[in-house]
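Asker: If you want the building blocks of each chain, they are given just below.
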Amino acid sequence: MAAQKQDLLAGSVKDAAVGALVAFGLFAMLIGMKTDVSIGGLSIEYRWGAVAIAVAVVFVGRLALNLFVWKSEKPVTAVLGGFVPSQEAASRFGHLITPALFVLAVVLPFLLMYFLGSRGSRQYLDLAILVTTYVMLGWGLNIVVGLAGLLDLGYVAFYAVGAYSYALLAQYFGFSFWLCLPLAGILAAFWGVILGFPVLRLRGDYLAIVTLAFGEIIRVVLLNWYEFTGGPNGLSGIPRPSFFGLEFERGEGGFAHFFGLDFNSIHRIIFLYYLILVMALATNFVTMRLRKLPVGRAWEALREDEIACRSLGINTTNTKLTAFALGAMFGGFAGSFFATRQGFISPESFTFIESAVILAIVVLGGLGSQVGVVIAAVVMIGGFEFFRQFEEYRMLVFGLLMVVIMVWKPRGLISTRAPSIALDRKKAKGISADLVQEGHG
Amino acid sequence: MDYFIQQLINGVTLGSIYGLIAIGYTMVYGIIGMINFAHGDIFMVGAFIALIVIIALGITAATPLLLLILALCLVLVIAMALTAVWGWTVERIAYRPLRGSFRLAPLITAIGASIALQNFVQISQGARTKPLQPLLGGNIKLWETVGPEGSFVVQISYMQILIIVATLLLMAGFTFLITKTPLGRAQRACEQDRKMAALLGINVDRTISLTFVMGAALAAVAGLMFLLYYGVIDFYIGFLAGVKAFTAAVLGGIGSLPGAMLGGLLIGLIETFWSGYFSLEYKDVAAFSILAIVLIFMPEGLLGKPEVEKV
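Chains as they are written, first to last, in the working numbering: chain A, 1 to 441; chain B, 1001 to 1311.
In isolation and in its complexed conformation, chain A is listed as follows (with noise of 0.2 Å):
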C-alpha cells in the first residue's frame, strides 16, 4: 500500500516536471522575451519571473490533477459529483428553472427600479438588454445548428445585414423601426437563401468553412464600399424606435408625457428591454411550434442521418434551405434591434469572433437545448461584463473556456433535451446525454 503510494507520487511528480518542461519550452519565448518596439529597431524585455510563475502553474496544477483526479482511487471530482443533483432530480428541477427564468425575465426591470432607483439599474439594464439579444441570437442559430445540425460559422452575417438593412433604409427612405424590423428579416432570409443555396451540398466542416468565408465577405464589402455603407467610419444617426408612434421625449406628444409620467430617460431602455425580450421570446416561441410540425421533423431527422433522410423522400435541399432562411431571419431581426438600440454601426461588430462567441453560447449550453442557451448566455456575456477590468484577458479566457468545457462536456452543459415525439408521455422526462444521438454534423 505505501509502496503504491510511493510509486503514485513518483509518478505523480514525473509527470508534472514533464509538463512543467513543455510549458517552459513553450512560454520561454513568448513569454519570457518580450518584443518592443523602440528607436532603432525592436528590443527585447527579459521577464524570467513571468516564465517562472507560469512553469510553477503548470507544474502544482499537474501534480494536484494527478494526485487528486486523474491517478487517484477516490477522484476529488467524484466526490464533488456526489452533491450535483443526479439526472433525474435534474430533469426534475429542469421543469422548474424555465418558468423561474421567465418570470425573472418579466420582472427583471421593476425589481431593478425598486431596489436600485433609475440611476442604478441603468447599466444591469442595459447588461440585460446585451444578454437577451445574446438569447435571441442564440436561439436563432440554435435552428441552423441545433435543430438542423448544420453547423454555420457565418452568422453573423445575417445579424449584419439586419442592422444595415435598417440603419440604410432609414437613412435613405426615412422609415420607421416598425417597418424595418421586417423588412429586415425578410432581407436577412433573402440572404440566408442566396448563401444557403450553394453550400447545401458541402456537409459538416466543410459548410462551417464556407460560411465562413460568406460571413467574412460581407463584412469586407461592407469595410469597402465606402458610397453605400460608410466603410470602417460605419453608420451614425440611427433613428431611435417609438412606443406605438409616442417618441421617447420630454414634453407634448412624448411617452412620459402621454401616460402622465415623470419624463426619465430610463423609460426607453426598459422599453427596449421588453423589446428585445419579446422579440427573444416570440423566437423560441416559433422555433417550438416549428419542431412539432414537419418541418421541424425533418430538420431533427437531417441532423441525425441524412442519407435515411433522402431515402425517405424528404427534400434536403428545401429542409435545410428553410432552416437557413428562418435562422438568418432571426439574426436579421436580431440585427435591426441591435442597430437601433446603438444609434451607430459599423463592420467591427460584426467580426468573426462574433459568430464565434454566438457558436459558443448555442454549443456550450447544449446543441438543441432552448435553456441551455439562455443559460450559456447569462453565463458568457454576464461574465464578460462582470470581468470587465481584466479586459485583456477576456478573450484569452474564453477561448480556454471553449476548450476546456467542450473537453469536459462534450454535448454542453445541459444535455439532456426534450424528446422530439415520444410513444408513452409518463416516461418522456428527457433524453439523456448517451442518447441523444449527434448527426454528422
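Worth flagging that the hints you see were computed from the coordinates, not collected in a lab. Hints may be right or wrong, so weigh each one.
One side only, chain A facing chain B, incomplete, derived with CB under 10 Å [what the hints assert, rightly or not]:
#  : residue
1  : Phe-27
2  : Met-33
3  : Arg-47
4  : Ala-50
5  : Val-145
6  : Gly-149
7  : Ile-353
8  : Arg-394
9  : Val-397
10 : Leu-401
11 : Arg-411
All of these numbers come straight from a predicted model, not from anything done at the bench. We put the CB at the ideal spot given by N, CA and C, even for glycine.
Got chain A sorted already, so can you dock chain B onto it with the hints?
Answerer: What follows is chain B alone, placed relative to chain A:
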C-alpha cells in the same frame, strides 16, 4: 508583359508560404478528418518565435552574409522546434480527448484554441505590429524594358530566391519523409484505416501527434519566411493566412500533399494577380470566393480523391 512576369515571381513567393501552411491542414485532415482551425495561429506563433530569436541573437542587415545565413538556419531550427511543441500541446489538450466524440466537437475546441492562442500572443507580446528591418536586401535585375511611359525593371530579390529555394528543399525532404521512412508509412496507414493500423502495431496516438508536430514545424518555416518577406507581423496574421492556406489545401484536394503545394501556389498567384490587376481592397474576398467556389463545384479539389458517402 513585364508586369505580368514580375507579378508571377511575387505570386510564386507568396504561394510558397501558403503552400507550407497548407501542408499542415492537409496532413491533419488526411489523418483524422478534422480542420485544425488553430493551424493559422500556430503559423503566427512560429513567426513570433522567429522574430524573438532574431532579435535575441542580434541579427541585423549588417551581419556578414555567410554568418547571416548560418544564423538564419539557427533561427529556423529553434523556431521549428518550439512551434512544434505548441502544435503538439494543442493536439494533446484540445483534440486528443475528443477523439471519437461527435464530429463538431474538435472543430469547436479548435476555434477555442485559435482564439486562446491569438489572445495569448496579444497579451504576452503586445497588440502593436512588430516591424523588422529587412535582413537580406538587394535583388537581381532580370531585364529592363524601356517603353514610352518609362522603364520597367523585372527583378527578383535575394529574399524571394531564398524563400523559393528553401520551400523546394523542404518539399523534397518532406516527400522523402512521407514516402520512404517508417514514420511516413505509419502515417499513410493511419490515414487509410486507423483501427487496422492500430491492430497492426502502429502507435496511432503517437503518429497523430507527430503529424501535428510536422505540420507545426512547417508552419514555423512559413512564419519565418512571412516575417522576412513582409517585415511586419502582428498577433492577427494567423487568421487570414490560415483561411487562405486552408483554401489552398482544399483547392489542391484535401489530404493530398502535392495538392497542398499546388493549391498554395495557385492561391498565391491568384491573390497577387488580383491585387495587381483589379483591386487591393477586395483581395481577401477573392480568396474567400475561391474557397466557396471550389468547395461547391469540385469539393475533391484538383488532385484529391472524391469522397464516397456510405451508410
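Asker: Confirm or reject each hint.
Answerer: Hint check results:
| no. | hint | verdict |
| --- | --- | --- |
| 1 | Phe-27 | 8 Å, holds |
| 2 | Met-33 | 5 Å, holds |
| 3 | Arg-47 | 9 Å, holds |
| 4 | Ala-50 | 8 Å, holds |
| 5 | Val-145 | 8 Å, holds |
| 6 | Gly-149 | 9 Å, holds |
| 7 | Ile-353 | 7 Å, holds |
| 8 | Arg-394 | 8 Å, holds |
| 9 | Val-397 | 8 Å, holds |
| 10 | Leu-401 | 7 Å, holds |
| 11 | Arg-411 | 8 Å, holds |
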